[in-house]
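For chain A, the structure is supplied; the task is to place chains B and C on it using the hints.
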Amino acid sequence: MKPLYFLYFFIYYGFKVAESGLAIALQVVRGSRGEDGMLIEYQSTLKKGWRVVLLFNLISMTPGSMSIDINQEGNTILVHLLNRSDHKDFLKVTGKIETLLSKAL
Amino acid sequence: MTNAELFLEYAALIALYIFSISLIFPFLRLFRGPTLPDRVVALDQIGVIIVGMMVCDVVYTREKLLLDVVLVVAFILAFGSMIIARYLYKQNKDQ
Amino acid sequence: MMEYIVGAILLISAIVVFIASVGIWRFKNLYARMHVVTKVSSLGLLLLLIGVNPLFLDWFVLFESAIVFGVLVFLSPVAAHVIARAARSIGTPGTTDEPEGKDTSDNLK
Chain A
283 MKPLYFLYFF IYYGFKVAES GLAIALQVVR GSRGEDGMLI EYQSTLKKGW RVVLLFNLIS
343 MTPGSMSIDI NQEGNTILVH LLNRSDHKDF LKVTGKIETL LSKAL
Chain B
1097 MTNAELFLEY AALIALYIFS ISLIFPFLRL FRGPTLPDRV VALDQIGVII VGMMVCDVVY
1157 TREKLLLDVV LVVAFILAFG SMIIARYLYK QNKDQ
Chain C
123 MMEYIVGAIL LISAIVVFIA SVGIWRFKNL YARMHVVTKV SSLGLLLLLI GVNPLFLDWF
183 VLFESAIVFG VLVFLSPVAA HVIARAARSI GTPGTTDEPE GKDTSDNLK
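Chains as they are written, first to last, in the working numbering: chain A, 283 to 387; chain B, 1097 to 1191; chain C, 123 to 231.
It is worth saying that the hints were derived from the structure and are not from the lab.
Among these hints, one or two may not hold up.
Stated by the list, open to error - Covered stretches of chain C, as calculated for chain A (at least 3 residues, CB under 8 angstroms):
no., segment
1, 136-143
2, 152-159
What the hints assert, rightly or not - Straight-line C-alpha distance at most 30 angstroms; calculated DSBU-like pairs for lysine-lysine:
no., chain 1, residue 1, chain 2, residue 2
3, A, Lys329, C, Lys150
4, A, Lys385, A, Lys329
5, A, Lys370, A, Lys298
6, A, Lys385, A, Lys370
7, A, Lys378, A, Lys298
8, A, Lys298, A, Lys385
9, B, Lys1186, C, Lys150
10, A, Lys329, A, Lys370
11, A, Lys374, A, Lys298
12, A, Lys329, A, Lys298
13, A, Lys298, C, Lys150
14, B, Lys1189, C, Lys150
15, A, Lys329, A, Lys374
16, A, Lys374, A, Lys385
17, A, Lys378, A, Lys329
18, B, Lys1160, A, Lys298
19, C, Lys150, A, Lys370
It should be emphasised that the depicted structure is a prediction, and the values quoted were computed from it without experimental measurement.
Beta carbons are placed, not taken as given, at the ideal position from N, Cα and C, and that holds for glycine.
Just chain A, with the same shape it has in the complex (with noise of 0.2 angstroms):
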């Protein structure tokens, strides 16, 4: 039961880098200088121990966002687009890992 849960997360989480790299990549190279930027704060309703840790990798990979801090009691992270206008998106995408994982672990 959970080799098979760390092998499937595996395999997803090498997707994730493969998707996030190719968006960081492309926009690189169309000559973005990186300047508008936001910090978001992001409350979960997850439970302390693996399942934080995982989904504070997790945010970490999904294109454009990137986790910096969590609060003592792990509820709430805060993070930071790299553009303004991804806002919907990642929270469309965390909500989707966030069920994810709280139904697989």
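Frame of chain A, contents of chains B and C only:
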């Protein structure tokens, strides 16, 4: 030597040249960087480029024991930046 | 036939790492540079470690490249988090903005 092996050898050499050229920009950032965290990020990128050059060497010489060197460099790269960040925290606490 | 695929993967990953190096020179903000180092370099390393495998077709090479990928790619977001938090705590210029959108920013430092 067949045609395919010759292509692989030249591909590894050209990839090695591209890695060497791309080593210029992190060194410029390392010298120019306004603050200490910028320099830490540039050092991280230099470590990644060194790992890539090592893998190119593995493909060029077809010696699979050189992957152990890649493993050691990867461990040093992963934990070195954390140690420098720890030093930054301690410097903040002292003053 | 396998040699052509390996050579093409090597060239593509070298170009990806070159793009990452150009991005670290061109971007203006510390957080934007961390985006480049965390994601684009991880993509380049993933391509390199995939490209080594069909050349040898060995369990030892597969296991060791999986370990290298795990160490570098699972620990690079953690390292970026540690550096960003240290830079935010010592007050590096350009990284100390307050978060937008929510007004519950009192318990986060």
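Status of the hints after comparison with the structure:
{"no.": "1", "hint": "136-143", "result": "holds (count 3)"}
{"no.": "2", "hint": "152-159", "result": "holds (count 6)"}
{"no.": "3", "hint": "A/Lys329 / C/Lys150", "result": "violated (36 angstroms)"}
{"no.": "4", "hint": "A/Lys385 / A/Lys329", "result": "holds (13 angstroms)"}
{"no.": "5", "hint": "A/Lys370 / A/Lys298", "result": "holds (18 angstroms)"}
{"no.": "6", "hint": "A/Lys385 / A/Lys370", "result": "holds (23 angstroms)"}
{"no.": "7", "hint": "A/Lys378 / A/Lys298", "result": "holds (13 angstroms)"}
{"no.": "8", "hint": "A/Lys298 / A/Lys385", "result": "holds (19 angstroms)"}
{"no.": "9", "hint": "B/Lys1186 / C/Lys150", "result": "holds (27 angstroms)"}
{"no.": "10", "hint": "A/Lys329 / A/Lys370", "result": "holds (24 angstroms)"}
{"no.": "11", "hint": "A/Lys374 / A/Lys298", "result": "holds (15 angstroms)"}
{"no.": "12", "hint": "A/Lys329 / A/Lys298", "result": "holds (23 angstroms)"}
{"no.": "13", "hint": "A/Lys298 / C/Lys150", "result": "holds (25 angstroms)"}
{"no.": "14", "hint": "B/Lys1189 / C/Lys150", "result": "holds (28 angstroms)"}
{"no.": "15", "hint": "A/Lys329 / A/Lys374", "result": "holds (20 angstroms)"}
{"no.": "16", "hint": "A/Lys374 / A/Lys385", "result": "holds (17 angstroms)"}
{"no.": "17", "hint": "A/Lys378 / A/Lys329", "result": "holds (17 angstroms)"}
{"no.": "18", "hint": "B/Lys1160 / A/Lys298", "result": "holds (28 angstroms)"}
{"no.": "19", "hint": "C/Lys150 / A/Lys370", "result": "holds (25 angstroms)"}
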